[in-house]
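Asker: Protein chains in written order, with my numbering: chain A, 3 to 320; chain B, 488 to 845.
Honestly, the hints are just simulated from the structure, not real lab data.
Just some of the chain A residues that point at chain B, by a computed CB distance under 7 Å:
| id | residue |
| --- | --- |
| 1 | Pro105 |
| 2 | Gln109 |
| 3 | Ile113 |
| 4 | Met116 |
| 5 | Gly120 |
| 6 | Tyr123 |
| 7 | Leu124 |
| 8 | Gly127 |
| 9 | Leu131 |
| 10 | Leu251 |
| 11 | Ile255 |
| 12 | Gly288 |
| 13 | Ser293 |
| 14 | Trp294 |
| 15 | Pro308 |
| 16 | Glu318 |
Please read these numbers as outputs of a predicted model, since none were measured by experiment.
Don't be surprised by glycine CBs; every beta carbon is placed ideally from N, CA and C.
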Amino acid sequence: MDLLYKIFIDPFVQMGTAPDLLVQTLWDGLVSGVLYSLIALGFVLIFKASGVFNFAQGIMVVFAALTLVGLHQHGVPAFLALGLTVVVMFLLALGVERLILRPLVNQSDIILFMATFGLTYLLIGLGQLVFGGDPKVMIAEELYLPRGAIEFKGLGGFVSLQKIDIAAAIIASIMVAVLAVFFQRTRIGRALRAVADSHQAALSVGISLEQIWVIVWFTAGVVALTTGIMWGARSEVSFSLQIIALKALPVLILGGFTSIPGAIIGGLIIGIGEKLGEFYWGPLLGGGIESWLAYVIALGFLVVRPQGLFGEKIIERI
Amino acid sequence: MLYREVGQYKTNYAADMAVFPILQDRIGIAVILLVAFVVIPLIGHDFLLNTVLIPFLIFSLAAIGLNLLTGYAGLLSLGTGAFMGVGAYACLKLTTIFPHVNIVIWILASGLFSAAVGALFGLPSLRIKGFYLAVATLAAQFFLEWCFIRVPWLFNYSVSGAIEVPLRKLAGVPITGPTATSLTRYLVVLSIVVMMTWFASNLVHGRIGRMWMSVRDMDLAAELVGIRLLRTKLLAFAVSSFYCGVAGAMMVFLWYGGAEADVFAIDQSFLVLFMVIIGGLGTLIGSFFGAALIYILPIALRAIPQAFGLPIRPAAAEQLTFVIVGVLIIVFLILEPNGLARLWQIGKQKLRVWPFPY
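One chain only, chain A, in its complex shape:
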C-alpha cells in the first residue's frame, strides 16, 4: 500500500507542490529530447533512402565535431573550419557510397548493418589517430553561439534556461523545416522520396541511386555536424557521446523508422519521459534508471503498436 502510494500519488503531489522543479525537469527533458531527435533524424534520413540501419550515425556526430574543433586548433578560422568540416562530411558520404554501399548493393539488411559497424570502428580509430582521444572543448564562442542562462522567477522558485539550449532548439526547428521544404519542394527531394518508396521503381524512371545515396549520407553528415556542435557546446566533444547516441534507437522505434516527424516527436517524448521518470520515480528504484527507461518505454510502446507512432503500417504477405 505504501509502495503504491509512492508510485501513484507521491510524485504527482511533488509536481503539484513544486511547479518550478517540474518545469525545470520538463525543460531538461525537452533539451535532451531535441538532441535525441537530431541523431534519430540522421538515422531516419539514411534508412528511408537506402534501407541501411546506420549504426555509425552516433560516431559521425563525434567525428564531425572533432574535425571542426581539431581544424580550429590547428589555426583554421572558425567559420572556415566549419566549411571544411562540411567538405569532409561530403567526402565521407562519397567514400561510404563508393566503397561500402555500392559493392554491398542488394545484400541483406543485417550485412549492411554490420558494414556500418565496420565504419564505426574505422571512424573511431581515425578520429583518435588524427585528433587525439582526449575530450575537447567546442568552439562555441567563435561560432557566435550564446552563453549563459536566462533565469526567471515564478512558480514558487527559480527556473533557469541555458541560452545554448534555446539556440539548439531553434536551430533544430529551422533544420527540420529546411529539410521538410527540401523533401517536399525540390527535384532532389522528390527523387529522395521516390527512392524511399521503392528502389526499383525509382531506378526504372531514371533516378540515379548512387547520387541519391551520396546526397542522403551527406545530409545525414550535416545533421550530424549540427548535432555535434550543439552537444559539444553543452558538454564537451568526446567519444563517450557515441554511447549516448544509442538512445536515438528507442526514439526511432517510438517514432517509426521511416518518419521524420516521428523522429522529432519520439525524441521529445523519450527525452521528457526519461527525465521525469528519473526525477520522480528514480529514487524508488535506487536511481540511475535513465539508462534503461527509454528502452522500456519504447518496448512497451512496440508491443501495442509495432510500426511506431508514425511508421508505415507493416503489411505481411506470403
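Let chain A serve as the given structure and place chain B on it in line with the hints.
Answerer: Then chain B, alone, in the frame of chain A:
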C-alpha cells in the same frame, strides 16, 4: 586427392542423416579433438592457454548461442552481453549458497537462469521483428546492466561491486579461484564447449532446428504449416540465452577470475554479433571461425609492430587496431557476405573436385 567421397556408400538412413557423412571429415574432427585434448595440454604454455585458447573457446560458445537465435531462428538480438552476465551472476549466487556442489554443475545450471531471463525478454519477438526487435533486446541489455550495478545482493555485497570468484575444487584439484592452473581451466572449458557444441549440432539438425529455420525464412508461412510461433521463438531465445549464460559464467569463473559489471556491457554484445556475422550466419563452424578471427585478430595486430620492432606508441597502435579491424570487417563483408563458413565450404568443394576446376 585425399578429400574424396568416392566409394563411400550409405547403406542405411542413419548414415544418410549423419552430421559428418564423409570419412575424411570424421577423421578431421577426430584429429582436431585429439590435438585439443591431448597435444595442446602437453605443449601449451600459460600465454597460449590463458590469452588465446580459453577466451577463444568461451567466445565460440557465446557465438554459437547467438547464432542459434540470429542465424537459425532469424531473431536479431543485441542483449548477448547481458545474458552472459545473468549466467555469471547466477553462478556466483549458486556457488555461494551451495558451496559444496560441484562448480561445473553450477556453471551449467546458471545457464538455466539465463534461459529464463532470455525467454522473458524474448516475449516481444512475437509482435516485432528485425531491427525493431534488436532495439527491444537493447532494453534487456541496459536494464540487466543496471541490475548488475544497483542490486548488491547479486555480487554478494562486495565493496568493489565486482564478482570475486571463490576457490572451488573438482576431485581435489582447484578449477576456479586464484590457485587454479590454466591447464585445468582449459580442460574444463574445452569439455563443456565440446559437449555443448555437440548438443547444438543435434538440435539444429533435428526437428527443433528445422522449426527455427522455417521461422527464419518466413514466419507467416511457418505458422500456416502448423509451427507454433510463440513456442518456437521463445525456445530459440531460451536455448540461445542458455548458451550465452554458460559462456558468461565460464568467462568470469574460468577466464577472468573476477569481473565487474562493465564486462557485460553493450560492447560485448556487439563483439559476439560480429563473430556470428563474420563467421557465417546459420552455421555452427562459422561461430568458431568468427570467434577466432575477431578475438585473435586484435591480439595479432598488437603483436605485429613489436615483432618488427617498429616504434609505435601503444596508444597509436590501439587506434590503428580500430582502423584496421573496421576496414577488415567491411572488406570481409564485401568479399564474402556469407561469412567465413562459406569460404570453408568453397574450399572443401574445390578439394573434392581437385585437380579439375569443377
